[in-house]
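Residues in the sequence shown are numbered from 8 upward in steps of one, following the numbering used here.
Worth flagging that the hints you see were computed from the coordinates, not collected in a lab. Bear in mind the structure is a predicted one, so any value in this text is a computation, not a measurement. Note that CB positions come from ideal geometry on N, CA and C, so glycine has one too. Treat the hints loosely; a few may be bogus.
What the hints assert, rightly or not - Derived CB-CB ranges, DEER-like:
#  : residue 1 : residue 2 : range
1  : Arg269    : Gly81     : 42 to 48 Å
2  : Asp65     : Leu265    : 46 to 52 Å
3  : Gly106    : Tyr160    : 49 to 55 Å
4  : Gly172    : Lys260    : 28 to 34 Å
5  : Gln79     : Asp157    : 23 to 29 Å
6  : Ser10     : Gly143    : 45 to 51 Å
7  : Phe9      : Lys260    : 40 to 46 Å
8  : Ala50     : Leu265    : 44 to 50 Å
9  : Ala50     : Ser10     : 20 to 26 Å
10 : Ala133    : Pro63     : 33 to 39 Å
11 : Ser198    : Ala26     : 31 to 37 Å
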Amino acid sequence: MFSKILIANRGEIACRVAATAKRLGVSTVAVYSDADREAKHVAVCDEAIYLGGSAPKDSYLKGDAIIAIAKQTGAEAIHPGYGFLSENADFAQACQEAGLVFIGPSAEAIRAMGGKSESKRLMEAAGVPLIPGYHGDNQDAQFLQQQADDIGYPVLIKASAGGGGKGMRIVEQSSDFIDLLDSCRREAITSFGNDQVLIENMRSNHAISKSKYLAIRMAIMCICLSGIAPCSVAIKKYWKKRQHRVSIGPCVKRWVRLQLRRRVRLIMSALARLSLLWSSAKAR
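Please put together the full structure from these sequences, using the hints given.
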């Protein structure tokens, strides 16, 4: 167990982490921006260190500064919460190189599962069923249009590095593909610094496929450890940004639970092999 951790986040996220740390007898260090000088998370942590300007790029996204503060205050680990640097593989790697524990996935696992294209390739290799589409390296516009034609319209163009509803375009017909691809790429490069895209089939049962996908992701956290409780999750669309929210629904049928467990084992096995291969390479 750590004696002190730095919480590299703000607001309610940081408060929840601090509360859990307190119950465990772990001291906490908060970081704050100009906008958060009077924020609750600054008050509830044992120490609070100024990080930078109000904009996230000037504060909560400054990985080097956060690591320096952790070293300065004697923290042994950094908890990223979610958002900000929580899915940044370079930051996780930098923590490790600085002798700090990154409380989260390894840098290798983040790289494998962080990008949509990379995670799809990993799952495909593990034998996990995917939504029909294209997620390869060839990003030539004409090639992608041909892939979309072969998949069948409507299709969804997604930024591989995307998130938060950004970098997605629905294409109803082939004649619109190039214009919407260009639009998607412009948004992706502006928002994520990466204009690589993938294409998915937009079938009428797409929501079901997404429900299964989310169920698999949630299962990684709970099914293998404790089974499925007598309720499950369902997905309903926020159509404005094509995001999702979780709502309570009836327990999934037994055959679905068994199928999900099998798929979760495939996913965890793939990630475990990744970790073991990396550990072996590091040892050499």
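*Hints that the structure is at odds with (numbers, increasing)*: 5
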